[in-house]
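Peer 1: Using the sequences plus the hints, can you model the full thing?
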Amino acid sequence: MVVLELSEQDVNRLFRALADATRRDIVRRTLVTDISVSQLADSYEMSFAAVQKHIAVLEEAHLVTKAARGRERMVRGNLVRIHQAQRLLDHFEELWRSRIERLDSLLAEDAPAPPDT
Numbered sequence: 077m078v079v080l081e082l083s084e085q086d087v088n089r090l091f092r093a094l095a096d097a098t099r100r101d102i103v104r105r106t107l108v109t110d111i112s113v114s115q116l117a118d119s120y121e122m123s124f125a126a127v128q129k130h131i132a133v134l135e136e137a138h139l140v141t142k143a144a145r146g147r148e149r150m151v152r153g154n155l156v157r158i159h160q161a162q163r164l165l166d167h168f169e170e171l172w173r174s175r176i177e178r179l180d181s182l183l184a185e186d187a188p189a190p191p192d193t
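Residue numbers (our numbering): 77 to 193.
Accuracy of the hints is not assured; some may be wrong.
Unchecked claim - Below, a list of computed lysine to any residue pairs in the SDA-like style, where the Cα atoms sit at most 20 Å apart: (1) K142 to L183; (2) K142 to Y120; (3) K142 to D110; (4) K142 to S114; (5) K129 to R99; (6) K142 to D86; (7) K142 to I176; (8) K129 to D118; (9) K129 to Q162; (10) K129 to N88; (11) K142 to L165.
Claimed, not checked - Label-pair restraints from in silico Cβ distances: (12) R104 to A144: 17 to 25 Å; (13) R173 to A95: 21 to 29 Å; (14) E84 to S181: 50 to 58 Å; (15) K129 to R104: 12 to 20 Å; (16) K129 to A184: 46 to 54 Å.
Quick caveat, the hints were computed from the structure, so don't treat them as lab data. This structure is a prediction, so every number in the text was calculated from the model and none was measured. By construction, the Cβ of each residue, glycine as well, lies at the ideal position given by its N, Cα and C atoms.
Peer 2: As structure tokens, this is what we get:
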């Protein structure tokens with residue numbers, strides 16, 4: 077079960093990392109291909125240091141990995157972590173759908189009978 081795969085701290089890191097549009101874009105781009113930190117920094121209207129901080133948050137959440145390739149640092153998306161996040165969201169969806177179904181059942185039981193005409 078997903079809940080056992082990820083600690084509460086892992087879940088918090090994951091959603092914190094994905095809460096930012098720039099970080100989501102970095103994850104999206106790095107799932108397609110490895111991309112250097114420099115190339116990523118050139119793509120955004122922010123400083124190189126700011127992009128590095130975004131990458132550090134993503135690394136902490138295990139959404140990306142960074143590896144040296146020559147003089148460059150390459151960033152790669154972690155598909156396994158993305159699948160864990162998807163399973164977690166699927167789990168929450170199942171939980172809430174079952175709660176809504178139970179609520180619908182309770183409301184149907186308490187509904188007054190329609191008048192005879």
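Peer 1: All the hints need checking, so say for each whether the structure fits it.
Peer 2: These are the hints, each one checked on the structure:
no., hint, result
1, K142 to L183, "violated (52 Å)"
2, K142 to Y120, "holds (18 Å)"
3, K142 to D110, "holds (9 Å)"
4, K142 to S114, "holds (12 Å)"
5, K129 to R99, "holds (10 Å)"
6, K142 to D86, "holds (19 Å)"
7, K142 to I176, "violated (42 Å)"
8, K129 to D118, "holds (15 Å)"
9, K129 to Q162, "violated (24 Å)"
10, K129 to N88, "holds (17 Å)"
11, K142 to L165, "violated (26 Å)"
12, R104 to A144: 17 to 25 Å, "holds (23 Å)"
13, R173 to A95: 21 to 29 Å, "holds (24 Å)"
14, E84 to S181: 50 to 58 Å, "violated (31 Å)"
15, K129 to R104: 12 to 20 Å, "holds (18 Å)"
16, K129 to A184: 46 to 54 Å, "holds (51 Å)"
In this structure, the earlier hints numbered 1, 7, 9, 11, 14 are contradicted, and the remaining ones agree with it.
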